[in-house]
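**Student:** Could you build all of it, start to finish, from the sequences and the hints given here?
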Amino acid sequence: MNRGVNRMSRPARGLMALIIVALAVAAAFPLVWMVLSSFKTPEESMQIPPVWLPGSADPSAYGAVSDVIQAGRSLFNSAVIASVTTAGILVTSIMAGFAFAKYRFAGRDALFAVLIATMFLPPIVTLIPLYRMVSEMGLSGSLVGVILPNLANAFGIFLMRQFIAGVPDDLIDAARVDGASELRVVFAVVAPTIVPAIAALALFAFVYHWNTYLWPLTVLQGSERDYPIVLSLGRLLGYNRGAMNTPLVMAGATIAVLPPLALFIFLQRFFVDSMVSAAVKG
Amino acid sequence: MMRRTRSLAPAVMIGPAAGFIGLFILVPTALTIWLSFHDWSAQTPFGTAEWVGLRNYQDIFGELSVGRDFKMALRNTAVYTMLSVVIIVPLSVVLGLIVHQRDVAGGQILRTVLFASYMVPMIAVALVWSKLYSPTEGPLNQMLGWVGIGPQTWLSAPQTALYSLVLLNVWQQIGYFTVLAVAGLTQIPATLHEAARIDGAGPVQGFFGVTLPLMRRTLLFSAVIAIINAVQVFEPVALITQGGPAGSTSVLTWHIRRVGIERSQGGLGSAMAVTLMLALIVTVTAVFALNRRGARE
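For the protein sequence lines, the chains are A and B, in the order given. Start counting the first sequence at 1; every next residue gets the next number (the working numbering). Start counting the second sequence at 1; every next residue gets the next number (the working numbering).
Check before you lean on any hint, since a few could be wrong.
Said to hold, decoys possible - What the simulated footprint calls covered on chain A by chain B, stretch by stretch (three residues with Cβ under 8 Å from a Cβ of chain B suffice, anywhere in the stretch; the number is not a length):
no.	stretch
1	104-114
2	211-220
Claimed, not checked - Just a few of them, taken from the derived set where beta-carbon distance is under 7 Å, the chain A residues facing chain B:
no.	residue
3	Ala17
4	Ala99
5	Tyr131
For the record, the hints were derived by calculation from the structure and aren't laboratory data. The beta-carbon is built from N, C-alpha and C at its ideal position, and this holds for glycine as well.
**Tutor:** Laid out in structure tokens, this is it:
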């Protein structure tokens, strides 16, 4: 692959290396500061000018997090919300993506356009009636209320259709001739051929629903037992408000950030590939 | 028998997805529009809504405090969105070129570091930046001091708070848009760069003559996504600034939720939400039109 056609001179390469390092440091700085601050003592976090490195790695803020919020419970709630939602999205997206890629039926393109249009709708547009609908279903203040409205989304359908369109029809027809039902064709024949794309969607959905804040805040207001970690972080900030609670807040933020960040770092190839193919094929 | 099963198959396959999206996105969207013409408390069933025609719209654009607050949130959101887009899109191209080049190693690592912040919950980003911005014990003002720049007010003054939120947004989102830019760059055939070079074009001419025009579709996509993402800003406002100081960070997602759900003024909130939706449609259409006009030239 031919990238830069004009080769760089030596000084230009040195300058470029310097720019890359500077950018990486600037980009990483807030998260590094977060972790460093979580190990400071409250006194260190109050000092002016600021202390950059904690005198000793004081882990007491991490213990304090569990005194203020039920950190274990919150992490568990986040895991339940993110994984059940992801499972739902995978099933609905693979099925619908298959239908849009491989069936011909009246109104297909119009229906697809309507569903995809919802991808561009900010959640606030539907929030008020949705809040009322979920409470009339008796689901406000429950994890089911958080999860249920998110079990399908346009991005997943779009991504699955893009990838399933590339699966050879012969493979599908051969399975049908063998007597496989359509559901069996989808999940036992087609899905195994697009595992990387499914993994990408799974990771993306998991991280998105681990991080999402507006909807759980609206459904769960007051029901603190069911708070995911992102909501519980808000309570940390309110606790002992002021600069003294900085290590506490930073420890909580570090705990909340770790799962999605670890997933991304270990599996980033999937993320980046899916983002790229969604943008390029779109 | 077989044919019948086949003909039902699309409905069976699409049913679950279409059902969820229909019930939880399309129906509420229609309800938002319907409610915007009604007086309705969000604490009561939809049946209690009373028809008021265009009164909610007159109120939110009127001269009383309801109207003033809404117009301020609308203006703040417009400024925040426009600044975010005009910073993010060009910056993503510059960073994309740096990640994409192969003369100096480290591009991939830079991409990872940039993208990592996109994976982090916005609520954590907001918490961390609220401490970074702290005028006295925060590190940003100290670093500015090193290069001889005086301390900034960041989130604590109306003149700077909204811009500080834009900076936070750019930091969180830029990695995603850089990855999109790299994808666009990868699609440009190397032969075009070579042809430009043989014609005597330097790197700058090559960039403006070949690279940029061929990235038009990518940049259009980036701009639209950046707009949609920017109007969703909520966490830093809800948790850190509460719309202040002096209303300078009151933005629509936060303001609509406050009016429609916290104050239960469902009709007013819905009228605001519909206005936001219309404003988005107009903006995105304008971006597409600009892009088409640019393509003809």
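**Student:** Under 7 Å is the threshold here; is the Cβ of A/Tyr131 close enough to any Cβ of chain B for the hint to stand?
**Tutor:** At 6 Å from the nearest chain B Cβ, A/Tyr131 passes the 7 Å test, so the hint holds.
**Student:** Are there three or more residues in the stretch 104-114 of chain A whose C-beta lies within less than 8 Å of some C-beta in chain B?
**Tutor:** holds (count 4)
**Student:** Mind checking the CB of A/Ala99 against every CB in chain B and telling me if the closest is under 7 Å?
**Tutor:** Status holds, d = 4 Å.
**Student:** For the stretch 211-220 of chain A, count the residues whose Cβ lies under 8 Å from any Cβ of chain B; is that count three or more?
**Tutor:** The restraint on the stretch 211-220 of chain A holds, since 5 of its residues have a Cβ under 8 Å from chain B and three suffice.
**Student:** Tell me if A/Ala17 is really an interface residue toward chain B, meaning its C-beta lies closer than 7 Å to one of theirs.
**Tutor:** A/Ala17 check passes; min Cβ-Cβ to chain B is 5 Å, inside 7 Å.
The structure meets every hint from the earlier list without exception.
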